[in-house]
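The working numbering puts the first residue of the sequence shown at 24, with every later residue one more than the last.
Take the hints with a grain of salt, since some may be wrong.
[As the list claims (entries may be wrong)] Here are the computed lysine to aspartate or glutamate pairs in the DMTMM-like style, where the Cα-Cα straight-line distance is at most 25 Å:
# : residue 1 : residue 2
1 : K98       : E175
2 : K98       : D163
3 : K98       : D85
4 : K98       : D168
5 : K98       : D108
[As the list claims (entries may be wrong)] Here are the in silico distance ranges between beta carbons for each label pair:
# : residue 1 : residue 2 : range
6 : G134      : A172      : 58 to 64 Å
7 : A172      : M142      : 44 to 50 Å
8 : D168      : R63       : 46 to 52 Å
Hints listed in this document are in silico derivations from the structure and should not be mistaken for laboratory results. Every residue, glycine too, gets a C-beta built ideally from N, C-alpha and C.
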Amino acid sequence: MSTTAETTIAAPRSRRLDPTYTRDGGGRGNFEMLAWLFMRISGVFLVVLIAVHLTTNLLVGDGIHAVDFGFVAGKWAHPLWQFWDLALLWLAMLHGANGVRTIINDYTRRGTGRFWLTMILYIATAVIIILGTLVIFTFDPCMVDASGALLEGSPAFCG
């Protein structure tokens, strides 16, 4: 059973897959390449930051049983751990937001939907980074009541 009829397949929806598509030189410049590079570099740093974070919090000393308010307060009393956790927060949020931005660009067809989803992502990322930074740098472990006396359960180093 042989037919000589020619079959024509319609071009796919994406211009990237169309063999007649050629770049015109316009576009977003190097942003996507820099975003790709950022994902690789930040991923390496995040592995180190997370490994040290988990090791110091869960394996050193009494392990997970020692993690409580006093443990975090004592840790954040030292500027090194404040900046360590700040770097972890910033890199994790920017790394994750860049990944979600890529997913939005890949799966959103309409320009307005893509715009609003990206704006929501950027606003949520900014709010979490700002609030997290404020928590890390304004954290006061020595809680006092209205009369100025230390509350029960305050860490021992508060005096």
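Going through the earlier hints one by one, which of them does the structure break, listed in rising order? none
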